[in-house]
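Participant: Take a look at the letters that make up each chain.
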Amino acid sequence: MIVRIGLSSCGIAAGGLLVKEALAFAFEEEGLGWELQQTGCIGMCHYEPLVDVIHQDGSINTYGNVTVDTAREIVVAEMSGAALEKYRIATDREPNDCLAGQVRIALRNCGIIDPESIRDYTDRGGYQALQKALTRMTPQQVIEEIKISGLKGRGGAGFPTWFKWNATRQEPGDIKYLICNADEGDPGAFMDRSLLEGDPHAVLEGMIIAGYAIEATSGIVYGRAEYPLAIKRLGKAIGQARAQGMLGNKIMGSKFSFDISIKQGAGAFVCGEETALIASLEGERGMPRLKPPFPSQRGYWDKPTNINNVETLANVPWIIANGGESFAAMGTADSKGTKVFALAGRIKRGGLVEVPMGMPLREIIYGPGGGIKDDKRFKAVQLGGPSGGCIPEALLDTPVDYQSIKNTGAIMGSGGMVVMDETTCMVDLARYFLNFTQDESCGKCVPCRIGTKRMLEIMERLCAGEGQPGDIELLEMLGQQIMEGSLCGLGNSAPNPVLTTIRYFREEYETHIHDKKCPAKQCKALITYHIEADKCKGCTLCAKKCPVNCISGEAKKPHVIDQNLCTKCGTCLEVCPSKWSAVSVS
Amino acid sequence: MATIREIISSFRDKPGGIIEAYHAVQRECNFLPEETIPIAAEVFGLSEAQAYGVATFYSYLSVAPRGKYIIRMCESAPCHIAGADTLIKAFEDALGIKVGQTTADGKFSLELTECVGQCQGTPVITINSVPYVDLDPAQVETVLALCQ
Numbered sequence: 001m002i003v004r005i006g007l008s009s010c011g012i013a014a015g016g017l018l019v020k021e022a023l024a025f026a027f028e029e030e031g032l033g034w035e036l037q038q039t040g041c042i043g044m045c046h047y048e049p050l051v052d053v054i055h056q057d058g059s060i061n062t063y064g065n066v067t068v069d070t071a072r073e074i075v076v077a078e079m080s081g082a083a084l085e086k087y088r089i090a091t092d093r094e095p096n097d098c099l100a101g102q103v104r105i106a107l108r109n110c111g112i113i114d115p116e117s118i119r120d121y122t123d124r125g126g127y128q129a130l131q132k133a134l135t136r137m138t139p140q141q142v143i144e145e146i147k148i149s150g151l152k153g154r155g156g157a158g159f160p161t162w163f164k165w166n167a168t169r170q171e172p173g174d175i176k177y178l179i180c181n182a183d184e185g186d187p188g189a190f191m192d193r194s195l196l197e198g199d200p201h202a203v204l205e206g207m208i209i210a211g212y213a214i215e216a217t218s219g220i221v222y223g224r225a226e227y228p229l230a231i232k233r234l235g236k237a238i239g240q241a242r243a244q245g246m247l248g249n250k251i252m253g254s255k256f257s258f259d260i261s262i263k264q265g266a267g268a269f270v271c272g273e274e275t276a277l278i279a280s281l282e283g284e285r286g287m288p289r290l291k292p293p294f295p296s297q298r299g300y301w302d303k304p305t306n307i308n309n310v311e312t313l314a315n316v317p318w319i320i321a322n323g324g325e326s327f328a329a330m331g332t333a334d335s336k337g338t339k340v341f342a343l344a345g346r347i348k349r350g351g352l353v354e355v356p357m358g359m360p361l362r363e364i365i366y367g368p369g370g371g372i373k374d375d376k377r378f379k380a381v382q383l384g385g386p387s388g389g390c391i392p393e394a395l396l397d398t399p400v401d402y403q404s405i406k407n408t409g410a411i412m413g414s415g416g417m418v419v420m421d422e423t424t425c426m427v428d429l430a431r432y433f434l435n436f437t438q439d440e441s442c443g444k445c446v447p448c449r450i451g452t453k454r455m456l457e458i459m460e461r462l463c464a465g466e467g468q469p470g471d472i473e474l475l476e477m478l479g480q481q482i483m484e485g486s487l488c489g490l491g492n493s494a495p496n497p498v499l500t501t502i503r504y505f506r507e508e509y510e511t512h513i514h515d516k517k518c519p520a521k522q523c524k525a526l527i528t529y530h531i532e533a534d535k536c537k538g539c540t541l542c543a544k545k546c547p548v549n550c551i552s553g554e555a556k557k558p559h560v561i562d563q564n565l566c567t568k569c570g571t572c573l574e575v576c577p578s579k580w581s582a583v584s585v586s
Numbered sequence: 587m588a589t590i591r592e593i594i595s596s597f598r599d600k601p602g603g604i605i606e607a608y609h610a611v612q613r614e615c616n617f618l619p620e621e622t623i624p625i626a627a628e629v630f631g632l633s634e635a636q637a638y639g640v641a642t643f644y645s646y647l648s649v650a651p652r653g654k655y656i657i658r659m660c661e662s663a664p665c666h667i668a669g670a671d672t673l674i675k676a677f678e679d680a681l682g683i684k685v686g687q688t689t690a691d692g693k694f695s696l697e698l699t700e701c702v703g704q705c706q707g708t709p710v711i712t713i714n715s716v717p718y719v720d721l722d723p724a725q726v727e728t729v730l731a732l733c734q
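Protein chains in written order, with our numbering: chain A, 1 to 586; chain B, 587 to 734.
FYI, nobody ran anything at the bench for these hints, they're computed from the structure. Quick caveat, the model's predicted, so the values are computed rather than measured. The reader is advised that the hints may include incorrect statements.
Unchecked claim - In silico DSS-like cross-links for lysine-lysine, where the CA-CA straight-line distance does not exceed 27 angstroms:
1) K236/A with K675/B
2) K600/B with K544/A
3) K516/A with K675/B
4) K654/B with K521/A
5) K517/A with K675/B
6) K250/A with K600/B
7) K545/A with K600/B
8) K568/A with K545/A
9) K545/A with K654/B
10) K544/A with K675/B
11) K654/B with K303/A
12) K684/B with K524/A
13) K568/A with K675/B
14) K373/A with K675/B
15) K654/B with K524/A
16) K654/B with K453/A
17) K250/A with K132/A
18) K568/A with K376/A
19) K684/B with K568/A
20) K684/B with K232/A
21) K453/A with K600/B
22) K232/A with K654/B
As the list claims (entries may be wrong) - Covered stretches of chain A (chain B as the covering partner; in silico rule of three or more C-beta atoms under 8 angstroms from a C-beta of chain B):
23) 282-290
24) 322-332
25) 558-567
26) 576-584
Claimed, not checked - The following residues of chain B were derived to be distant from chain A, with all beta-carbon distances above 10 angstroms:
27) H609
28) N616
29) G639
30) G692
31) E700
For glycine and all other residues, C-beta sits at the position ideal for the given N, C-alpha and C.
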């Protein structure tokens, strides 16, 4: 028997290490010789910690939200050959609903193999694509295969991967670099973290193949300071690959020599932009520069440099092993293959899903995502992080491919989906995104540095109930100018969240400006809390819990909120027993 | 204990190694003490302004002393819509400091961070880079008690 526990950082954050200890303790106490293994994240993060019990005949029982106590119960039940039904969320024959409709290419090994074991990776066909490329394909043929696959960059810009490789390959020069951009920064996107933590060898194999194709001399992974476990596991994988001859001199007996190192970032969102990333690698402030010259012409230390995102690279070994046509057979005419999406926000089942391109948004959110939390009403989904936009309910049937998403005003970005329900104020959300980009602007371009600040001031005004007629038009004009006058992708897209929310939720902006009301009841300056006298039973709970003591009233008699003192913290609403629901917001 | 000069000098031969050198100094000192900047400038052949510019560009590098436990609250949208504001306020109230400050006893610093990629369980904080997910203000005291 093998017991496998999900120990990516999501599993660990949910208490996975304690569950692992509890399992080991139970094995010892019961005198069981069961093997305890670790694995990465299968994507069902909301069920973490996840435990798989793999029987001798290969059948699997999967348990979700395992605690220290249930771990022991599971061991006891499984000892007697039975499953513990109440905690079982799936078996090998009946996969969980979350996995229905998924096609796992980039995530093929995540949640299955031990990410710290190169043996686990090679047992599942790992490094065979590399061997195939090195022994049976020329670099040009590798690029041709990627071209056939139609693979586009998964990090945001969606540029054809083969084109970048080819451009770097054709540049003259003895020294060329291959960089893996692991500076995943879009809020709500965590597929790269999961890949690096759950299947680091897939990314390395993709890098080595890419290195071979562009004839690079070395590779560098630029990893985020925010992802310590990913960096640790990747470092371990690099050591293993070196020891087994997949990295270093004359890889796998071929003439190709290549090695990979890791450089850690230090917390700057803009460093996901490729020229800023290169500046950071060179030990400078991470500020973007004008293109051209493109990195393929003059990149890291002015040498031809190719930069690919983590997920893009993880797809590469699969494409080489299975052929570009198999990859191109999935997806739509302009967006081939599969894409990993991170589901976050007001969604029932937060986590990662990998589906063929072209699946409608609705199917992703209500299929693997399970719908909206607390069965509230869907309002919008934010795609593409702070560079992206909000897609409203009316467009929920939009197929997820690069062009269709772009047509809505949002962008595919790296695939983070932040789902919002009726309780989210779109004006406040746009303000929040703008606050983020304003904070993260490197300051080089005036329209981005000062323009986002001015936009933010207007947004803050709207949320404070001080909006003026003409503010919407002013935002639109400023947004347009910032997009035109900024040098890099951050500035080019910073106004997007504001502009798309104006486009789809204009009436919400107008209500803030003209009626001084927040329909979602989120903007504190625009709402008031009341106690309805006919419903209040005078239980005194709200008065006791109010942090500013602004609620008065005798026991068993209706209470009153002093509006002059109220800080609108919402505590009274929270504590009022649901059977009375005497506190209302308007 | 290695001196700051020794730490920085060990990255001398790494092209563009100044950020790694700063990380290494921080691992030892928890922040970048004042003498770090001129030494780094000298070792990497930069002006002090450039060396200082790098040190202050990145949010994980700090030229001011920080607490033993660095609590970072995620300031990204998924955490925001999950009530990060209330959680930050709860931490500020419990510690008696504002975001960006360190407690007088040098035990806690409160900072904001970009998305830490744990959006399956918002709101999220990290304490010395270890993520804690699905927090609500009522759990603040329990979380702080873990920092002993």
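Participant: Checking against the hints above, which ones are violated?
Facilitator: Violated hints: 1, 2, 4, 7, 9, 11, 15, 16, 20, 21, 24, 25, 26, 27, 29, 31; rest satisfied.
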